[in-house]
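Q: So the sequence lines, in the order shown, correspond to chains A and B.
Quick note on our numbering: the first sequence kicks off at 1097 and runs consecutively.
Quick note on our numbering: the second sequence kicks off at 1097 and runs consecutively.
Covered, in the sense of this in silico footprint (three residues per stretch, anywhere, with C-beta under 8 Å from a C-beta of chain B), are these stretches of chain A: (1) 1403–1414; (2) 1466–1478.
Chain A regions said to be covered by chain B (calculated; three or more residues, Cβ under 8 Å): (3) 1180–1193; (4) 1210–1216; (5) 1525–1535.
Read the hints as simulated data drawn from the structure, not as lab findings.
For glycine and all other residues, C-beta sits at the position ideal for the given N, C-alpha and C.
Protein chains: 2
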Amino acid sequence: MTAEGAPFPEGRRSILIEDVLTLQGRRDIFINTSGRIEAEGEGIGRRWRNDAEYLIEGRGLLAIPGLVNTHTHAAMSLLRGYADDLPLQTWLSEKIWPLEALLTGEDVYWGTRLACLEMIRSGTIAFADMYFFMEDAARAVAESGLKAMLSYGFIDLSDPERREREIQATERLVAAIRGMGNPKIRPALGPHAVYTVSEEGLRWCAGLSAREGIPVMIHLAETEREIADAVQQHGRRPVQILDECGILTPRTVAAHGCWLDRAECALLGERGVHVSHNPASNMKLAVGRAMPYSWLREAGVNVTLGTDGCASNNNLDLFEEMKTAALLQKFSWNSPTLLPASEALTMATSAGARALGLGNGIIAPGEPADIVLIDRHAVCNTPLHHPASNLVYSCTGSAVRTVICDGDILMEDRVIPWEEEVIRGASAAAADLVRRGSGK
Amino acid sequence: MTAEGAPFPEGRRSILIEDVLTLQGRRDIFINTSGRIEAEGEGIGRRWRNDAEYLIEGRGLLAIPGLVNTHTHAAMSLLRGYADDLPLQTWLSEKIWPLEALLTGEDVYWGTRLACLEMIRSGTIAFADMYFFMEDAARAVAESGLKAMLSYGFIDLSDPERREREIQATERLVAAIRGMGNPKIRPALGPHAVYTVSEEGLRWCAGLSAREGIPVMIHLAETEREIADAVQQHGRRPVQILDECGILTPRTVAAHGCWLDRAECALLGERGVHVSHNPASNMKLAVGRAMPYSWLREAGVNVTLGTDGCASNNNLDLFEEMKTAALLQKFSWNSPTLLPASEALTMATSAGARALGLGNGIIAPGEPADIVLIDRHAVCNTPLHHPASNLVYSCTGSAVRTVICDGDILMEDRVIPWEEEVIRGASAAAADLVRRGSGK
Chain A
1097 MTAEGAPFPE GRRSILIEDV LTLQGRRDIF INTSGRIEAE GEGIGRRWRN
1147 DAEYLIEGRG LLAIPGLVNT HTHAAMSLLR GYADDLPLQT WLSEKIWPLE
1197 ALLTGEDVYW GTRLACLEMI RSGTIAFADM YFFMEDAARA VAESGLKAML
1247 SYGFIDLSDP ERREREIQAT ERLVAAIRGM GNPKIRPALG PHAVYTVSEE
1297 GLRWCAGLSA REGIPVMIHL AETEREIADA VQQHGRRPVQ ILDECGILTP
1347 RTVAAHGCWL DRAECALLGE RGVHVSHNPA SNMKLAVGRA MPYSWLREAG
1397 VNVTLGTDGC ASNNNLDLFE EMKTAALLQK FSWNSPTLLP ASEALTMATS
1447 AGARALGLGN GIIAPGEPAD IVLIDRHAVC NTPLHHPASN LVYSCTGSAV
1497 RTVICDGDIL MEDRVIPWEE EVIRGASAAA ADLVRRGSGK
Chain B
1097 MTAEGAPFPE GRRSILIEDV LTLQGRRDIF INTSGRIEAE GEGIGRRWRN
1147 DAEYLIEGRG LLAIPGLVNT HTHAAMSLLR GYADDLPLQT WLSEKIWPLE
1197 ALLTGEDVYW GTRLACLEMI RSGTIAFADM YFFMEDAARA VAESGLKAML
1247 SYGFIDLSDP ERREREIQAT ERLVAAIRGM GNPKIRPALG PHAVYTVSEE
1297 GLRWCAGLSA REGIPVMIHL AETEREIADA VQQHGRRPVQ ILDECGILTP
1347 RTVAAHGCWL DRAECALLGE RGVHVSHNPA SNMKLAVGRA MPYSWLREAG
1397 VNVTLGTDGC ASNNNLDLFE EMKTAALLQK FSWNSPTLLP ASEALTMATS
1447 AGARALGLGN GIIAPGEPAD IVLIDRHAVC NTPLHHPASN LVYSCTGSAV
1497 RTVICDGDIL MEDRVIPWEE EVIRGASAAA ADLVRRGSGK
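Here chain A stands alone, though its shape is the one from the complex (with noise of 0.2 Å):
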């Protein structure tokens, strides 16, 4: 702490972190007013204390590079715990779109501001999202201080007209967070799967992408009805239409990949497509298959960790999905040795980075500091045998208590200043969302 006391510095300021440790010993950590790491290592606290302009004193912390949330739809904590435990069909038909067809702006802004903070409350750093109402997404966003890849859900559902609707909303979302001029808030392309997307649709996203450099979001083999719906309507798997309407290329991250082959992670390495792995939204959509983990690390693809959203998890917290990973895998796919807790702790962290464009998602100098700090003297952590193992296996996000965001410090010893502000406007605007489903 300064000799002010503040805990939440306005505008940026250097930032020196003191003898903290981190996987790879004890460390002193400088950040400068740029956000970025400007020194790292044993000791190196003495040549750098008079410059820094903040302190935090790291013993009893443990340094981790922030987490990266690879897919969600952020501002579905609104429908956290509306409805759990039904069939698919049901669940979307019955109650997921009705309520969905009822959102508004301002409903996306609170659902949003909620999932930022309880992505900064569990040491995320930054997400990829894709929803509707981009724009007050992107607000809620600037406003928490966190890092994202917005895209708006193109879904046109091969009428012609509804197409040209999804483009110009798409067109006006990437123009409208190129005006904020906000450099932690990126435009993505969201065309929503092979299954809602016709191929004229994902040709005008792979174009677009492709001249302008716009990252794209795509739901990929999540379901086994997926597979089949497009093998009997196209001829052809999902990958390989994705593939012919080019939208496989390093710029893509594809969500699930529960029902890959491996010829098609093979494909997916030669093209460099991230994959996000979604597994606690898979088990419970009871989806009937783990993404092929060992096949997509084989091709060399990059694979990377995302919670979708609240209604299919029902919170976003990637500590506790680091933990489902490790365990589905070991489980689904018969050995306990697949996913080890540091590779877990890669795919949450530089695997999602480099996914984003963020980056290589390490404590180096150079990188942006993005940096979380955990309580190692909280019972998750104790004993500390191996560091990686309890971070994977023991602890939740709740170990937290400080989180750094292209050197700005969103949460300090777990204090956010607007936290009551947004669980106060969470609640009502999904009480009232629900009151005006119910037609009352």
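Based on the hints, put chain B in the right spot on chain A.
A: Relative to chain A, chain B alone:
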């Protein structure tokens, strides 16, 4: 809070919890000095306010019955994160067993204290334990204020001399726990499993259990190999062996049950055996099959929840375990409607309480005052469409604020007075154990 403001009253006082939300609506709850719920209902606080020696303001809190962990090895908390992601035999023979061979009573004391701390912090009020140096474990439990059923892990490996020693150790523990005269702590018998205990050993345990009404804890049908080995060596599957030895009674809690067939589920139902589902451990060790919950439910079996030990989980958070159970059942048995949130909550509360003979595990007059108060304004409870959904799918134990066990306040507003002492003591014990294990 009383006028004195003392958060941890010495001795047991009567307590009034005013205006708290339960799953049945808004309630006042009055707890008498015998540690039981005297009255419960909307607005009943007015009647009891003058009798209450201690007041808890319930607004902003959600009250649920305390959680019950029906299968763990508490002191293995010292091995948390020590050896993960290994093949089962390597894990056991090269990592766990060599260290367990060095355990002292003092290690078990500190490991059990750490486990009790963790359980209280995550809303657990009682647990069933099986391990070694259980007199030391009993001492640790007594200091925590939790309720427990403690068994010595009986392993004779069909060696008559060893069996005699196990019998003596078991009898010593039963006598020692009875000698403590602590109504919260009861002895149980812990024949480890069919592959580690001879039929003579099983019969001896069954006989003592029947004569003196002592509960029995046992591992059952955890791995496919356990089944195959029993068939090969004894010509019978494990359930049949246990039945012939008299182990299958309403006094028995059988843990895991992953490889039970349908007829075995029916038999367990007829015998009144309780089954403890341990989903996280089963997934992490890749046992290959999820406990057949729907068959057990059809057979009327009381299915409960356990975390297993920290070497194979690696925490004792039953909130996390409820979610893992609900997700694993859906995923593994291909049904998004299987094990809904309300049933997961029942498994962790009333089913567990009944299995351990601790009443009905509900908040009702005459029941033990085992009550957990949860922050209803935590992010995981925002919005609060359906509390059971949030408790199971979005919360972890970190949302627990206050824990009451038999009318004793073990944690209030997340403060446990002896927490730091235990973190220090357990850390030191674990470090020393590993040092001894490495021969330094």
